[in-house]
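Engineer: Residue numbers (the UniProt record's numbering), protein chains in the order written: chain E, 1 to 220; chain Y, 1 to 220; chain D, 1 to 220; chain S, 1 to 220; chain V, 1 to 220; chain G, 1 to 220; chain R, 1 to 220; chain X, 1 to 220.
Check before you lean on any hint, since a few could be wrong.
[Unchecked claim] Among chain X residues calculated to face chain E with C-beta under 8 angstroms, some are:
no., residue
1, K102
2, G112
3, G178
[As the list claims (entries may be wrong)] Covered by chain X, per the in silico footprint, the following chain R stretches (three or more residues, Cβ under 8 angstroms):
no., segment
4, 147-153
5, 156-170
6, 174-182
7, 188-200
Keep in mind that the hints were calculated from the coordinates and are not lab data. By construction, the Cβ of each residue, glycine as well, lies at the ideal position given by its N, Cα and C atoms.
One-letter residues, chain by chain:
8 protein chains.
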Amino acid sequence: MDSFIWDKDRKSRTGVAEAVLCSHKSSQDLQSIIRFNIEHTNRVLFTRLSAQQWEILPAELQQQLDYDKCSLTAMLNVAATLAPSQEVCIVTAGTSDLAIAKEAQRTLAFNGYQAPIIADVGVAGLWRLMDRIEDIRQYKIIIALAGMEGALFSVLAGLVRAPIIAVPTSVGYGVSAGGELALNSALGSCSPGILTVNIDNGFGAANAAIKIINQFTTSP
Amino acid sequence: MDSFIWDKDRKSRTGVAEAVLCSHKSSQDLQSIIRFNIEHTNRVLFTRLSAQQWEILPAELQQQLDYDKCSLTAMLNVAATLAPSQEVCIVTAGTSDLAIAKEAQRTLAFNGYQAPIIADVGVAGLWRLMDRIEDIRQYKIIIALAGMEGALFSVLAGLVRAPIIAVPTSVGYGVSAGGELALNSALGSCSPGILTVNIDNGFGAANAAIKIINQFTTSP
Amino acid sequence: MDSFIWDKDRKSRTGVAEAVLCSHKSSQDLQSIIRFNIEHTNRVLFTRLSAQQWEILPAELQQQLDYDKCSLTAMLNVAATLAPSQEVCIVTAGTSDLAIAKEAQRTLAFNGYQAPIIADVGVAGLWRLMDRIEDIRQYKIIIALAGMEGALFSVLAGLVRAPIIAVPTSVGYGVSAGGELALNSALGSCSPGILTVNIDNGFGAANAAIKIINQFTTSP
Amino acid sequence: MDSFIWDKDRKSRTGVAEAVLCSHKSSQDLQSIIRFNIEHTNRVLFTRLSAQQWEILPAELQQQLDYDKCSLTAMLNVAATLAPSQEVCIVTAGTSDLAIAKEAQRTLAFNGYQAPIIADVGVAGLWRLMDRIEDIRQYKIIIALAGMEGALFSVLAGLVRAPIIAVPTSVGYGVSAGGELALNSALGSCSPGILTVNIDNGFGAANAAIKIINQFTTSP
Amino acid sequence: MDSFIWDKDRKSRTGVAEAVLCSHKSSQDLQSIIRFNIEHTNRVLFTRLSAQQWEILPAELQQQLDYDKCSLTAMLNVAATLAPSQEVCIVTAGTSDLAIAKEAQRTLAFNGYQAPIIADVGVAGLWRLMDRIEDIRQYKIIIALAGMEGALFSVLAGLVRAPIIAVPTSVGYGVSAGGELALNSALGSCSPGILTVNIDNGFGAANAAIKIINQFTTSP
Amino acid sequence: MDSFIWDKDRKSRTGVAEAVLCSHKSSQDLQSIIRFNIEHTNRVLFTRLSAQQWEILPAELQQQLDYDKCSLTAMLNVAATLAPSQEVCIVTAGTSDLAIAKEAQRTLAFNGYQAPIIADVGVAGLWRLMDRIEDIRQYKIIIALAGMEGALFSVLAGLVRAPIIAVPTSVGYGVSAGGELALNSALGSCSPGILTVNIDNGFGAANAAIKIINQFTTSP
Amino acid sequence: MDSFIWDKDRKSRTGVAEAVLCSHKSSQDLQSIIRFNIEHTNRVLFTRLSAQQWEILPAELQQQLDYDKCSLTAMLNVAATLAPSQEVCIVTAGTSDLAIAKEAQRTLAFNGYQAPIIADVGVAGLWRLMDRIEDIRQYKIIIALAGMEGALFSVLAGLVRAPIIAVPTSVGYGVSAGGELALNSALGSCSPGILTVNIDNGFGAANAAIKIINQFTTSP
Amino acid sequence: MDSFIWDKDRKSRTGVAEAVLCSHKSSQDLQSIIRFNIEHTNRVLFTRLSAQQWEILPAELQQQLDYDKCSLTAMLNVAATLAPSQEVCIVTAGTSDLAIAKEAQRTLAFNGYQAPIIADVGVAGLWRLMDRIEDIRQYKIIIALAGMEGALFSVLAGLVRAPIIAVPTSVGYGVSAGGELALNSALGSCSPGILTVNIDNGFGAANAAIKIINQFTTSP
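Take the sequences, apply the hints, and build the full model.
Structural biologist: The following block contains the structure:
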């Protein structure tokens, strides 16, 4: 793959390093990219690296990567142990949202931030959310994930001071299949101040959170 | 309009009387229908009778009708004073849902049931709903109205024992314009047991409530 | 799966017990949930438990569950024999709707109500429906299932006093593929008083029926 | 308007004469077309000639045209009195479908066929249809019109031997607004043998009926 | 499958016999239906009987059926040899439309009509259509099939006297994937008098053609 | 309007000068832009300048502009008389497409190219197109306009060597309302080599034609 | 309007005060709300207060309000003069986005932040953006507005460190009409870290920016 | 397959030879077509010939074909070695667009034009595009490919004089899945003069480019 151009300055330019979206890429292209980055000792995050794509990678490459099969992410040359942080907290409506929640969590970790996941607090049983609301209020930014009708976004935004980054997930069936309904519920919410990213885009939500933190904790 | 056929047995057959949906009807057709029913001393409910349609009706017909310009409903030969009832309660997310809420209320009244409207308890300020939740719990059936993202339906269904008849309203803009989003939020809710009718269909919600009451309070 | 929160009070709060929607859940998560409920001797209903998910469960867990491969439901700790009941009747347009009809039937059974299925009475041969209409009229609530263009909902609603809970099914092809057409036919019906749930949501229809029965046969 | 080309041979080529669809045409263009046809003594049908377009035509042109404000059609040089015919019958679900029904009726008349309209036999009150079904069965082709959920098409097709030409109408609101739902109900019907035309296309339905009659009553 | 109701009078009532749509049916249900009809010596047409469904049928049932793997149709107790007929001709835009064309052809054959297929006459090479147009003009009804943008329908309808029954096919990719584009081209055609059925519905097109022939060649 | 930035180098950079899209602009903003360009003696094309916008412009500004109410375009400081040219020809399916055809024609004229309009050659009467096909073949680029089902694009592309720039128009009703159907017919055509622009975008089609001519008749 | 409930604690709970969305509200309801807030000397922001709604307000109420007819916002009891700030900058692709840009600007001003508008820097002329990019880089948060295809969002996000809050606007025609295309371009961008709000929701974008600032400049 | 009609004159008529779209074709049909063309020594291009279709072709046929598994194209009787050319350049936003880029490249090669691919110059890192812009400016026509939000089309069109033929690709997820978003971004671009083909239609883009070159480099 001679057509590949590494955007090595993206971090200094935009505050977040380039990551490799693995879907739609052939195994051959993936291997070229991994080898290139091993050679240059780059720290790299790989997202949407499917189990099938992972399994056919040569063992020598697998050994260099820290792969997580739930979130379908892998990291290269990342060894930091993170200290607890009060910057970002990840909240999910159901257990089915965990894969995407972990994509966000791993992306934050790759960038140096440890973020807890508070799961299964959807509004069908409002007490589950209310039981955890004080914990949630300790964080400066909330990444919230919900599929189906996405009512969690509106309720949460009415209860906390933190900005909500809504990640609609493709969990549901019938009219809620594919995540479009949860997406529109975030966008069309009666609670002002919700910010939205693409369906299942835990990576993008984490990137946005990092950009916010960068801007407000370092000089611009 | 010689092509008009009155379904005079609908009440005995289905439990709810035929009503006249006025939209898409010419003034001439409307007048024929009103006169026909005046002659036969029928009790009739007219829905979606727009201000324009109302204003060009002859005064002699207007005088026979009890018209409500907010809900766009009119009644003919209906004079009952209703006693308070614990059967149905109407709950709205915002003040913009009131026109449709009143269509439901007037339809219930036409059929003999007084139902209160508890308005403006949308989930952006959850305390507004929690303040009224005990009142709402006193009723056997809840008709809930919400536009925008319709998160009220899911939250309410998780808090009460009564069946929820959700009426999505066409209140909103951008992705929530037209009511489709609120409709899908009712259908795709994570809270089981929500029943849905068409967008802005306060009349249908009231009819369904009446059918339920009829079935369970009279012998089938 | 440490993130799982059991909503043990849902039944007392809403009248229907929490059920487990198995789709989008990993085998590991499912096993945790099943073991948790075996330990606590909870009565539980599992829905959308696919054949693949079922087959890879350990035999020891399978033995505890009453699994039905047509409706993809399983029950834990449910042993009641039900007496015939006149509360709910399930009506289907075609034989292809049977899987969802049985999901509704099993959900009702889990909650203590026996409901018959009257199948294959779609309107292409109206006599099939008319032959059974008197039987259908014996029930207080009708759960009706139809795919394709869903004309059954409108015809049925014009013939009976009972409220109709319409379950659109994803049976069809071309413009009727996926169930959206049948869903909209239920919502947009010319017969007033039809109540609708999500596509293929037999579980939700049964829950709504139970909520209605609870409200009208027990003190609120 | 020098760019206008009259398809004078369309009748001999396809069996139906060219008609003038007036929507999207300026008053100037309309006048040119009318004058051209007056000069050539052509028999012409004008469709979708709105009240506004009609009112601003010069009186001299209005006097030459037989305009019907309900169906928005006008005829030029058409004077035939028609004998009753058993070829085509027009059936409507509601009174709101009458404008389009009359467009079909006038188009048939322009081509020499008298067709009765049997109106207001929608399936919400099935007896209304059953009362007229023997009359309807006397005709060789049925043009059926319905808006909302269009259930009439399926029921009718299961009851008669004649081919049904379904004309979905833009009568409805919420999910049935615009006629798309009725259109899809005709296309996706469980009753085989329904033929469909565009929404509100009474003209097209009549043309198709005439083509059928032409083929089977004259040598090809 | 005790819930199966055979509509044995459909032929006398509507002019076309009931057929069995095999998609969405389990193998067990299919076998019940086949055995039932073998026992009653019924003539039956099975449609959308997939290769997978066919292969797992017991050999004893396979031997009774005349199966065509291209059109996915099977016939039971049908042995007629048909004489050439000038009633219906089937025209396709491309070779990819042949499977659906043969579904129409086999449905016509089941009902006693032999219809030729004139294939690959799409408008990208207009001369292919013009070369065959005189042949096509010999038939009383034309069933036309096209996928992609469906331009064949409009061109053909402007060239012949016969009514066109348009069958949009799900041939295409990008904006024409699934057949919706070809469907809408048939419905929205600038050529009047095109009649449309559902996407890939060769069966329905043939049924409609038979209903037309029945009405005009036998006394009603 | 101090926020307005004139892209004075666009012509040298891209080969086409910046034009002013007037829709969504207030009268005040329009006047600022016109005065700015009068002062700088710029040659400017204004598109989608509605009759309402035109009428409320001060007479002093109107006098400077060459306004065409059919195409809703205006030109400033453009006085060239054009010689006939064989570069581009504009073809329309119906007379209703003329406004957009003239937008393309005026945009070409503004850039120095005279292009004829060959109108009303839609495929419902194929002979109208065939009568003019030799004329059309004289041009190097064809801009084709069609609404409804847009079959003209496919037929034309199969008959000529010139590249076709398809402009779908918003002419139609029901499924063809708004131009989406004609757009998709151009994109999904079975005839290869059709190039498409946005619905009603005569301006864009002309710009593309000019870019092609610039590239091939001047040194790059 | 006795059903109106003022959420007076929203600011302390969520960091942003309740505002009044005026669309869908009757003049009578609006007057009640304005008088209520005059009586309680509340600082209030009114959004989407149309010219028609404004003009029929009594002069005594108009005099209390600071109304801006471009952004359709009004403020009550707001007199602060703001100091320049480096927190937020508003960037627009075209001049047609200014009304929504000013809604965001006024909402920020109501909350105490002065934000400049850098307008007309869409990517059709990339130099316009590059000329201003250093200015834009001085701000901590960027609110970006674009209609049509919304390419500005992706380009900008690749050039700056600040988080981008994208406001898609309903500027465009054909496939870009209504803002859905610009919305999806923001959500589906190849540049990570873009955050999106509903179409034309300048108010929501400003609210989100304020929530971010609140969290990072005050103790949580 | 006796129904196959070779359009042998298409090249002389339209300037581009007929190609064979292999999707939706059975192996048997494909073999017939290949053998037919081997016998007639035709030069043929096969597109969308999937790996599965390729693998089951008889070895004797495979040996005659030049198959490229990335672009899924095969050529028969094509042996030309091409000289470098300045006519067309192919530009892609990402490496995931390469398969379609190569379909365009191979189609151009089949017609005698060598075109380079400049890959991975999407706008998230604008410098990648700016680094190559002078190279790109050397070509007369640019075929640009992008998936996701397709912002490359607008930026590129503002930077070069060449006409842009935009090929939206089905690369993306969530709101950008399937290519519809990139397609609409090309159509709705703020940069005038972009020409668009169907999603993933590299073949069509190449054909259009060839038609342009043919028209301007040979006498018409």
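Engineer: I'd like to know which numbered hints this structure contradicts. Please list them from smallest to largest.
Structural biologist: 1, 2 and 3
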